[in-house]
Amino acid sequence: MATIKVQRPKLSAGEKIYFGAIFKGMVITLRHAFRSLVGKSVGAKELNSTGVGITMQYPEQKWDEELPEYYRGTPALVTNEEDREKCVSCQLCEFICPPKAIKITPGEIPTDDEWAKVEKRPKAFDIDMIRCIYCGMCEEVCPEEAIFLRPDYVVTGTTRKEMVHDKDRLYEIGGKRVGLVNKWNDLK
Amino acid sequence: MSENAPAVEEKKLPKDLAAENGMVNVQIDGHWIQVPRGTRMIEAAKIAEKEIPHYCYHPKLSSPGNCRMCLVQMGMPPRPAPGEDPKYGEDGYQEIGWMPRPVIACANTVAENMGIRTGGELVEKTREGVMEFLLINHPLDCPICDQAGECKLQEFSVEHGRGESRFKETKIKKPKNVDIGQNIRLDDERCIMCSRCIRFMDEVAEDPVLGFSQRGTHTSVTVHPGHRLDNNYSLNTADICPVGALTSNDFRFQMRVWFLKETKTIDVNCGTGANTVVWTRGNEIFRVTPRQNDDVNSAWIPDSHRLSFHELQNDSRLTAPMILKDGKHVEVSNLEAINKAAEGLGMRQPNEVAVIASGRQSNEELYLAKKIATALGTDLLTIVPRQGESDGKLISADRNPNTTGAGLIFGIDDPTAKLDAIREGVSTGRIKALIVFNENLLDEAGFKQEDLAKLEHLVTTHTHANPTAAAAQVVLPGAGWAEKRATYVNVTGRLQRANQATIAPGGTRDDWETLGALLNKLDKDYQLPSSMDSVFNALAKENETFTGQTFGSIGDLGVVITETGVTIPLLDQEKKRKESGIIVG
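Sequence order for the protein chains is A and B.
Quick note, my numbering runs 4 ahead of the 1-based positions in the first sequence.
Quick note, my numbering runs 14 ahead of the 1-based positions in the second sequence.
These are computed hints drawn from the structure, not numbers from a lab.
Treat each hint with caution, since some may be false.
Stated by the list, open to error - On the chain B side, residues computed to face chain A include the following (Cβ under 7 Å):
#1 P157
#2 V271
#3 K275
#4 F565
Claimed, not checked - Taking lysine-lysine and the DSS-like style, the derived pairs with C-alpha atoms no more than 30 Å apart in a straight line are:
#5 B:K64 with A:K124
#6 A:K124 with B:K589
#7 A:K127 with B:K166
#8 A:K121 with A:K165
#9 A:K121 with B:K64
#10 A:K192 with B:K182
#11 A:K121 with B:K185
#12 A:K192 with B:K275
#13 A:K192 with B:K278
#14 A:K165 with A:K187
#15 B:K101 with A:K127
#16 A:K171 with B:K190
#17 B:K29 with B:K278
#18 B:K275 with B:K64
#19 B:K354 with B:K64
#20 A:K121 with B:K101
#21 B:K275 with A:K107
#22 B:K26 with A:K104
#23 B:K278 with B:K339
#24 A:K192 with B:K166
#25 A:K124 with A:K49
#26 B:K185 with B:K166
#27 B:K185 with A:K187
#28 B:K166 with B:K182
#29 A:K124 with B:K555
#30 B:K190 with A:K187
#31 A:K124 with B:K101
Note that CB positions come from ideal geometry on N, CA and C, so glycine has one too.
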C-alpha cells in the first residue's frame, strides 16, 4: 500500500500560541449574542423568527407555508367528490408497508347502501403512527387513489393507543379530494 | 452368445423400444421424452416440466376445450407417398412436419414421433390473442375481488397480456354479486366461460344446477331457474374457478390470500379424513381448502366439513384446567388439576373405574388412554360410536375420524363395544370414577344427566364447555384438531398426519402432554414423554401394525397400514370415469 507522508504545516509564533484565534471567535460570538439581545439576529427573517435568539420558536412559530408540495407527512384516507370512501380495503398498503404500521379489517358494503356496487370497504383501518416511517409506499401502491401522505406532521399522544389513527381520524385528516380517478362511475 | 448368432443385431428404433413398454416418443420443445400412450398433450408437457397455461382443463373433469388458452404447435411426420418407406434420421426419429395452425393441448392425446412446441412465435401470439379476448369484458375488480392473488387470469395476463387494452367500446354489463346459493356468490362479469363449475356440478357432485345462458359475449353462468346451488359440495366450484366469478360467502372479504399461511393437514369430521390445507394469519383460521390426494378425497371436500373450523374459534372454548370446589369450578394450575384427577382415580378398586375415550382422538392420545386404563387395572375402555349416513361421495357413515385407529390400538375389532357396560355400570352406581376424553356423554354416548351425578369422581378433557364438563370434578382443556400434530387412521386403513396450524387458546396444553402427565401420576414407572414423536414412536414399538412408521415416514399423503375393505364412493365413481377416458384423473 502506498504511503503518503503528510507534512505538518509550519505555524508562525502567533498561530502557535492560538490566543488570537480564540479572541477572534469570542468576538464573533459576543457580536451575535449582542445582536440577538437587541432583536437583530442574523437570519431572523428567513426563519420567521422574532429576532430574539437565532432559533425559530416552534410550535408557536411554524414554517408550514414553506413546506414543499411533495412533503410526506401523516398518511390519511380521502373521500371523493360524492363523499364516497375511496378505499375498498384491498390491503395492498397493508402488504407493502415496510414497518407493518397498517392494519385493515375488510368489510362488505350492505346491499341497501348507496354504494353497494363497490361491494367492499374497510370495516376498520388503523395506522400505528409510532411505527409509520412516512415512506409513502402506501400512497404509491394504492390502486384506488385512496390514501395520501398529508402535510400534517404533528402527531402526538400520551399513550400508545392515542398514536394509532383509526378510520375516523384518517378520514378527518384526509378530507375530500377532487379530480381523482373514479373507476366506480356510472359506466361501472 | 453362440458363434452362429449375427455379429450385429439390427438396432431397434426408438418407436419400437417405447412400444414395448406401452409408451410413445414425443418431442417437447426440442427434447425427446417417452410418455405413456394416450397421455394428453398438456400432461405430457407437465411431465417435461413445461407449463402450458390453461383455464378450462382440470384433470378431474372432462375436457371440453373451450377456453383455447392451451393452444400449442403440433407436428407429425409427413405421410409417406404410396410405396414409400418412412425415413428415419440418425437418431432414429422421423422428421417432424409442423402444422401451420395451433391445436389445443388439453383434449388431444400424444402419438408416436409427435412434436409439441409450447413456445415460439406462433404459440406466443395465439396466447396473447386469447388473453386479449378474455380480458375485453373482464371488469377491473381486482382490488375488491377475493380471487386476487390466486387468480389465473391475473397470472397469465402478467405473462401473456398486453398491459393495456385496445378495447375502446363499453364493456358488456352482466349481473354482479348474485346470490345463487348458501355458500357461493356469483359475479358474471368476471366469468371467462371455462365451464369448470358446470362440469363439476354435473360430473362430480351429480347435481347439475349450473349452466350457460345467452350467446356470444353475453354468455353467462346461471343456476337453473327454480334451483339454487345448495349442494354440499358447492364450495369446490369456488376452488376450481380460475377467476373470481364464484367466490365463497364464508371467506368473502375476510382476508387477502397473500397474507395467509398454508398448513397441510387433514379433516377430522368423518372417517374419510379428507386432506386439507388450513389457511391462517396470526393465530386465526380464515379458510380450509381441499388438498389433492387421489387415494382419499380426490381434489374435493364437502362444505359442511370445510366450514367446521369456525367451531374451533368460538367463545365456548375451555382455556384453563379447573377443579370443582364447593360446587363451583375454579381455575387451577395444570399440576394441581392432574394431581386431583389422579388422586380420585388411583384410590378406587379396578372394577370401580372406567375410561371413555373418543374416536375423535388421535392415535397417540388413544395409546395413552389405553395405558391409563391399564394402569387403573380396568378393562372398561371404549370409544363412543358416532354413526351417520354416508352421502355416497366423501362423507363416511362413520363420523369419527379415528375408529380404525382405536380398533388397532385397543386390539379389538369393535372399540365401541364396552360403552353399554359402562353406561349400565354408571347408572347402577357400580362405577364410581370415570375419565372421559373429548366427549360429551349426554350426546352420542347416551348418558343421562342423573347418571353423571351418581359418579364420585368424573375427570374430563374437552375443547369446549359442555354438560359433562359442568358435572366433572376435574376439567382439563384440550387442543383442537388444527392446534396439534397428530396421526389418525381413516376408514380405508390409511395412516394420515395432521399438522399444527394454530396455537390452542389460553393455558391449553397439547393433549398428549395432559394424558402423559396423568399417566405418569397413575403409573410411577411411566416416564413423562418428551415430545409428540416419542409417544408415536412408543406406539409404533408396541403395536405391530404401526411398526416402522414415524411422523416423517407418513408424509403428506399418508400410508396404508391395514386393510379394512372399505372404499370411498367418490373414488369409485372417479375410477369409472377415468377408465372410460372421460377424465385424466
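The hints, checked one at a time:
no.	hint	verdict
1	P157	holds, 4 Å
2	V271	violated, 10 Å
3	K275	violated, 14 Å
4	F565	violated, 34 Å
5	B:K64 with A:K124	violated, 38 Å
6	A:K124 with B:K589	violated, 42 Å
7	A:K127 with B:K166	holds, 28 Å
8	A:K121 with A:K165	violated, 34 Å
9	A:K121 with B:K64	violated, 41 Å
10	A:K192 with B:K182	holds, 14 Å
11	A:K121 with B:K185	holds, 16 Å
12	A:K192 with B:K275	violated, 34 Å
13	A:K192 with B:K278	violated, 40 Å
14	A:K165 with A:K187	violated, 35 Å
15	B:K101 with A:K127	violated, 71 Å
16	A:K171 with B:K190	holds, 28 Å
17	B:K29 with B:K278	violated, 42 Å
18	B:K275 with B:K64	holds, 27 Å
19	B:K354 with B:K64	violated, 63 Å
20	A:K121 with B:K101	violated, 65 Å
21	B:K275 with A:K107	holds, 17 Å
22	B:K26 with A:K104	violated, 65 Å
23	B:K278 with B:K339	violated, 42 Å
24	A:K192 with B:K166	holds, 23 Å
25	A:K124 with A:K49	violated, 51 Å
26	B:K185 with B:K166	holds, 21 Å
27	B:K185 with A:K187	holds, 13 Å
28	B:K166 with B:K182	holds, 24 Å
29	A:K124 with B:K555	violated, 55 Å
30	B:K190 with A:K187	holds, 16 Å
31	A:K124 with B:K101	violated, 65 Å
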